[in-house]
Structures are given as structure tokens and as C-alpha cells.
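Trainee: Letter by letter, the sequence shown follows residues 1 to 109 of the working numbering.
If you're looking for bench data, these hints aren't it; they were derived computationally from the structure.
Treat the hints loosely; a few may be bogus.
In silico EDC-like pairs for lysine to aspartate or glutamate, Cα to Cα no more than 20 Å straight-line [unchecked claim]:
id : residue 1 : residue 2
1  : K25       : E86
2  : K32       : D22
3  : K44       : E3
4  : K44       : D22
5  : K25       : D51
6  : K78       : E68
7  : K66       : D81
8  : K58       : E39
Only a predicted model underlies this, so the values are computations on that prediction, with no experimental measurement involved.
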Amino acid sequence: MAELIQKKLQGEVEKYQQLQKDLSKSMSGRQKLEAQLTENNIVKEELALLDGSNVVFKLLGPVLVKQELGEARATVGKRLDYITAEIKFYLHSNQDEGTAPFSVDSWKA
Numbered sequence: 001m002a003e004l005i006q007k008k009l010q011g012e013v014e015k016y017q018q019l020q021k022d023l024s025k026s027m028s029g030r031q032k033l034e035a036q037l038t039e040n041n042i043v044k045e046e047l048a049l050l051d052g053s054n055v056v057f058k059l060l061g062p063v064l065v066k067q068e069l070g071e072a073r074a075t076v077g078k079r080l081d082y083i084t085a086e087i088k089f090y091l092h093s094n095q096d097e098g099t100a101p102f103s104v105d106s107w108k109a
């Protein structure tokens, strides 16, 4: 009887530890996506302040390359769309697994 209870308790402890690992991984992913979203929103706001006479550069490795303002705005817009879609996919997949205590509304910029 005691061995049965011990085995059952051990199984529950292992499940709990796995859930803790999953939650930690989930929180890490959430923080990364949130940081990317914030940074890209700041870039979008900065690009909105510029006019056609301003020069925009793009960092490619160790080199700064001149880029058209319209192209830079489009790139940042596409990046924001991609990050937002990743956030929604990430949250929905975690909610399906029952490991995401967060709602999609908490991610809106």
C-alpha cells in the first residue's frame, strides 16, 4: 500500500517538475517576443518622424548599407506583422497544451 502511494506521488512530482520546465520555457519565449515587438515599434515610430530628405542605413554584419526610406518602413511593417503572427501562434499553441496563462489581448501593441 505504501509503495503504491509512493509511486503515485513520485509520478505526480515528475509531472509537476515538467510543468515547471515548460512554464519557464514559455516565459522565456514570451519575453523574447515582447522585446522584439517593442524594439520594432520604436523603430517604426522613429521612421515615421523622417521625411524624404533623410538618409536611412541598414546594418548588414559589420557594414552600414544605404536603404530607401520607403523600403525601410515596409521592412519594419512586415517584421511587425511577422512577430505579431508568431505571438498569436505561440499563444494559441500553448493554450491548446494548457500551459499558457496569458491571453492574446495582453500582447497587443
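Trainee: Is the straight-line distance between the alpha-carbon of K58 and that of E39 20 Å or less?
Mentor: holds (15 Å)
Trainee: Starting from K66, check that the Cα of D81 is at most 20 Å away, please.
Mentor: It is violated: about 24 Å lies between the C-alpha atoms, which goes past 20 Å.
Trainee: For K44 and D22, compute the direct alpha-carbon distance and say whether it is at most 20 Å.
Mentor: violated (33 Å)
Trainee: What's the verdict on K78 and E68, does the C-alpha distance respect the 20 Å limit or exceed it?
Mentor: Cα-Cα ~15 Å, so holds.
Trainee: Taking 20 Å as the top limit, are the C-alpha atoms of K32 and D22 close enough?
Mentor: Holds: K32 and D22 sit about 15 Å apart, inside 20 Å.
Trainee: Given the hint that K44 pairs with E3, test it: the Cα-Cα distance must not exceed 20 Å.
Mentor: Violated. K44 to E3 sits at ~61 Å, over the 20 Å cutoff.
Trainee: K25 and E86: Cα distance at most 20 Å?
Mentor: holds (16 Å)
Trainee: For the pair supplied as a hint, K25 and D51, is the alpha-carbon distance within the 20 Å limit?
Mentor: violated (42 Å)
The structure does not agree with the numbered hints 3, 4, 5, 7 stated previously, though it agrees with the rest.
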